[in-house]
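So the chains spell out like this:
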Amino acid sequence: MSRQMTGAKMVVQALKDQGVDVVFGYPGGAVLPIYDEIFLQNDIRHILVRHEQGAVHMAEGYARSTGKPGVVLVTSGPGATNAVTGLTDALMDSIPIVCLTGQVPTFMIGTDGFQEADTVGITRPCTKHNWLVKDTNKLADTLHQAFHVATKGRPGPVLVDIPKDVQFATGTYTGPREAKVSHYQPKVKGDLNKITELVALMEKAERPVLYTGGGVINSGPGASQLLRELADATGFPVTSTLMGLGAYPASGRNWIGMLGMHGLYEANLAMHGCDLMINLGARFDDRITGRIADFSPKSKKAHVDIDPSSINKVIHVDIAITGDVGHVLEDLIKVWKSRGRKVNKDGLAKWWSQIEQWKLKRCLSYKNSDKVIKPQYALQRLEELTRGRDRYVTTEVGQHQMWAAQYLGFDAPNRWMTSGGLGTMGYGFPASIGVQIAHPDALVINVAGEASWLMNMQEMGTATQFRTPVKQFILNNERLGMVRQWQQLLHGERYSHSWSESLPDFVKLAEAFGWKGIQCKDPKDLDDAIMEMIDYDGPVLFDCLVEKHENCFPMIPSGKPHNEMLLGDASTEGAIQAGGAVLV
Amino acid sequence: MPGELTQSRNEDSEGSKFEMSALKIKKGSSSHSAYDLRDPNAEVIGSHTLAVMVDNEAGVLARVIGLFSGRGYNIESLTVAEVDHAGHRSRITVVTTGTAAVIEQIKAQLGRLVPVHEVHDLTVEGPSVERELALFKVAGTGEKRVEALRLADIFRANVVDSTLESFVFEITGTPEKIDAFADLMRPLGLVDVARTGVAALARGV
Chain C
1 MSRQMTGAKM VVQALKDQGV DVVFGYPGGA VLPIYDEIFL QNDIRHILVR HEQGAVHMAE
61 GYARSTGKPG VVLVTSGPGA TNAVTGLTDA LMDSIPIVCL TGQVPTFMIG TDGFQEADTV
121 GITRPCTKHN WLVKDTNKLA DTLHQAFHVA TKGRPGPVLV DIPKDVQFAT GTYTGPREAK
181 VSHYQPKVKG DLNKITELVA LMEKAERPVL YTGGGVINSG PGASQLLREL ADATGFPVTS
241 TLMGLGAYPA SGRNWIGMLG MHGLYEANLA MHGCDLMINL GARFDDRITG RIADFSPKSK
301 KAHVDIDPSS INKVIHVDIA ITGDVGHVLE DLIKVWKSRG RKVNKDGLAK WWSQIEQWKL
361 KRCLSYKNSD KVIKPQYALQ RLEELTRGRD RYVTTEVGQH QMWAAQYLGF DAPNRWMTSG
421 GLGTMGYGFP ASIGVQIAHP DALVINVAGE ASWLMNMQEM GTATQFRTPV KQFILNNERL
481 GMVRQWQQLL HGERYSHSWS ESLPDFVKLA EAFGWKGIQC KDPKDLDDAI MEMIDYDGPV
541 LFDCLVEKHE NCFPMIPSGK PHNEMLLGDA STEGAIQAGG AVLV
Chain P
1001 MPGELTQSRN EDSEGSKFEM SALKIKKGSS SHSAYDLRDP NAEVIGSHTL AVMVDNEAGV
1061 LARVIGLFSG RGYNIESLTV AEVDHAGHRS RITVVTTGTA AVIEQIKAQL GRLVPVHEVH
1121 DLTVEGPSVE RELALFKVAG TGEKRVEALR LADIFRANVV DSTLESFVFE ITGTPEKIDA
1181 FADLMRPLGL VDVARTGVAA LARGV
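These protein sequences, in sequence, are chains C and P. Going by the working numbering, the residue at position 303 of the first sequence is 303; the numbering climbs one at a time, nothing skipped. To convert, take the position in the second sequence, counting from 1, and add 1000; that gives the working numbering.
Quick caveat, the hints were computed from the structure, so don't treat them as lab data. One should not assume that every hint holds.
Claimed, not checked - Think about it this way: if two alpha-carbon atoms lie no more than 30 angstroms apart in a straight line, the pair counts; the simulated BS3-like pairs of lysine-lysine are:
no.: 1; chain 1: C; residue 1: K152; chain 2: C; residue 2: K16
no.: 2; chain 1: P; residue 1: K1107; chain 2: C; residue 2: K194
no.: 3; chain 1: C; residue 1: K300; chain 2: C; residue 2: K194
no.: 4; chain 1: C; residue 1: K187; chain 2: P; residue 2: K1107
no.: 5; chain 1: C; residue 1: K68; chain 2: C; residue 2: K138
no.: 6; chain 1: P; residue 1: K1107; chain 2: C; residue 2: K189
no.: 7; chain 1: C; residue 1: K300; chain 2: P; residue 2: K1107
no.: 8; chain 1: P; residue 1: K1107; chain 2: C; residue 2: K313
no.: 9; chain 1: C; residue 1: K180; chain 2: P; residue 2: K1144
no.: 10; chain 1: C; residue 1: K298; chain 2: P; residue 2: K1144
no.: 11; chain 1: C; residue 1: K204; chain 2: C; residue 2: K301
no.: 12; chain 1: C; residue 1: K152; chain 2: P; residue 2: K1144
no.: 13; chain 1: P; residue 1: K1107; chain 2: C; residue 2: K301
no.: 14; chain 1: C; residue 1: K334; chain 2: C; residue 2: K361
no.: 15; chain 1: C; residue 1: K524; chain 2: C; residue 2: K548
no.: 16; chain 1: C; residue 1: K516; chain 2: C; residue 2: K371
no.: 17; chain 1: C; residue 1: K345; chain 2: C; residue 2: K204
no.: 18; chain 1: C; residue 1: K548; chain 2: C; residue 2: K521
To be verified - A short, non-exhaustive set of chain C residues, derived as facing chain P with CB atoms under 8 angstroms:
no.: 19; residue: A117
no.: 20; residue: V120
no.: 21; residue: V149
no.: 22; residue: K313
Unchecked claim - Rough simulated footprint, nothing fancy, chain C against chain P, three-plus residues with beta-carbon under 8 angstroms:
no.: 23; region: 1063-1070
no.: 24; region: 1106-1113
Heads up, the beta-carbon is just placed ideally off N, CA and C, and yes, glycines get one too.
Between the sequences and the hints, there should be enough to build the whole structure, so can you do that?
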């Protein structure tokens, strides 16, 4: 079915044909024709943001909580440049985003026109792919390709730059079925020989560990289901990166907690001491590996990843399987079953008793107080009072993010949205709005620090306008907590610019936008205050005044291996040596 | 190459043993990239010729070059031209250097770019031929001029322009042959050089 229509109409038609129901955007001169078409229809809902960075983070929240691509529509020049942080965030965390930008008309490109920027040039390194469309007849095809590239293989952000004259001109629309077949078809099935090799190692392994990442979530709910099947059938312990939380349930029998710089003692020691590491959709990030030379020295390593460039990039592996985690797990389980469901029972029993020993360390224990709210306590109460509800959690970046990962439990995928790779302060609040737009009846909580939260606080208006009852749970220590922690450990307690000066009265700020504001500073009042937040039918700004100098433990200092963790009560003086100081 | 990658990355961590600080980074270790802190002597660094088949679309060269500069890889030589006009397909020949692990990573990174169809490492995939074309302008009179002409003949360079005081020679060969010719021409009045960079094909079928 091809039809004649304007480029602007094609954009709306292509979005409809791709099954898009929400667009996050902000109008401007170079996208006015598209906004005109949006005005004339009711199928696609447009969420007006207050800043383009917010639009991309909302689209990320939407995408991560639904598994569908998030769509962003912004204008040329500053609209596009404001979107760059969000696009980079989505690239690092492999989130499918389709960003449409307006551009000055083709005949003005290169003249430094008003609100002109080299958008495809600027976004080339921070998108999976991008296009500048100069011919209306190619627009529809490009838009369909954009959705294909964003969602196939390792997902990521794509951008289509559309000059204003291309939006006005008339051309032929082609539907997704007639679109040119892209040569971009990443391999999803893993090599069966390699999978069989891995099964052979699994049958003998004495100390195996499943190290899972965001790839399991991105592969879809089926992959999480298969991971559970594999772990439960084999009895192998499961740990996960920050990105992969929820793929294996936190309440599951084999769960040993998150690993990495602020991961659990038992998880990191299991990684260090294992004899078989099975990496499913994770990428040996530097937050995970610590000192490369001492990373899990005695293990055979297998790596399943859909992106061949992730394999052997940081850590050399013995078995490399390129493919989609879901497909590979399916084959892996089949092969393992067909060979008689063998595991090394004695070895595993010893391994588990070792892990139970490590668990006795109780690495997440902290000194509670009845005078001041400890951030860990606040999150424990939040977990207790919201568990079992239809709950989605986003976070900002910093100490609160790590505590949230440690103290909140996720039993399903797509319930935990946090900026992992890029570490974008200001991510969580807009992301929570995006999640709430996708799940209007769910309980959506953004666990935040006051400094991060202020970075995108302009989106309060968006939340009010679109009646998203998002709960902003701010652990307010009046500090840039993680920066302060590093300055304490590494920079001689010189707290250079790491305190939050001139903070607003958060309750009044909430009221100014028509929200509910709650402040809580006494541990005795905390439960009631949290319940008040949950029960309120509307957005809530929860100002939780917490202990100001709490540090986040356990911690693997930069440049140290997994078995040299700092625990809560340990002396932290000189913990990071000069060599570690150059690392971040 | 099992083991090589881990070895090459050890340097980051060894830094901590030697009390290295940010300001005491070994001189010269970051000559290729501001972020490259690896000891260049850690592992054998080889030169590899890669042939990259790409869609000839707007920005494709910027994408490839941006990948090299953004990730701190080297480009020794780069040539690009459309080789299939009907299919809008271009061939990029890039000569790069790095350890075996880095070269593998470069190939994987290139391979995942959307407009890239194929990546071939001509250096490891079997025998290949490499050729480069260069133009040399040599100015001089008398014995030097005669000597330049004589050497050009030995190197099978053609004279493509001539005045009473100068020649322009065209020479084709491996980059080493062209380097050798340049060395000979320098004392004889070499004024200007233009080189195309390497074009390469695998031998046989």
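Here is how each hint holds up against the structure:
1. C:K152 with C:K16: Distance ~19 angstroms between C:K152 and C:K16 Cα, so the pair holds.
2. P:K1107 with C:K194: holds, 21 angstroms
3. C:K300 with C:K194: Between C:K300 and C:K194 the Cα gap is close to 13 angstroms, so the pair holds against 30 angstroms.
4. C:K187 with P:K1107: holds, 16 angstroms
5. C:K68 with C:K138: holds, 24 angstroms
6. P:K1107 with C:K189: Cα-Cα ~21 angstroms, so holds.
7. C:K300 with P:K1107: It holds: about 25 angstroms lies between the C-alpha atoms, which stays within 30 angstroms.
8. P:K1107 with C:K313: holds, 11 angstroms
9. C:K180 with P:K1144: violated, 62 angstroms
10. C:K298 with P:K1144: violated, 67 angstroms
11. C:K204 with C:K301: Cα-Cα ~14 angstroms, so holds.
12. C:K152 with P:K1144: Given that 30 angstroms is the threshold and the Cα spacing comes to 64 angstroms, the pair is violated.
13. P:K1107 with C:K301: holds, 22 angstroms
14. C:K334 with C:K361: violated, 37 angstroms
15. C:K524 with C:K548: holds, 18 angstroms
16. C:K516 with C:K371: holds, 25 angstroms
17. C:K345 with C:K204: holds, 9 angstroms
18. C:K548 with C:K521: Holds - the C-alpha atoms of C:K521 and C:K548 are around 12 angstroms apart, at most 30 angstroms.
19. A117: Status violated, d = 15 angstroms.
20. V120: Holds: closest Cβ of chain P sits about 6 angstroms from C:V120, inside 8 angstroms.
21. V149: Holds - the Cβ of C:V149 comes within 8 angstroms of chain P, reaching about 6 angstroms at its closest.
22. K313: Check passed: Cβ of C:K313 comes within 6 angstroms of chain P, closer than 8 angstroms.
23. 1063-1070: Holds: 3 residues of the region 1063-1070 of chain P have a Cβ under 8 angstroms from chain C.
24. 1106-1113: With 5 residues in contact (Cβ-Cβ under 8 angstroms with chain C), the coverage given for the region 1106-1113 of chain P holds.
In terms of the numbered hints stated before, the structure departs from hints 9, 10, 12, 14, 19, listed from lowest to highest.
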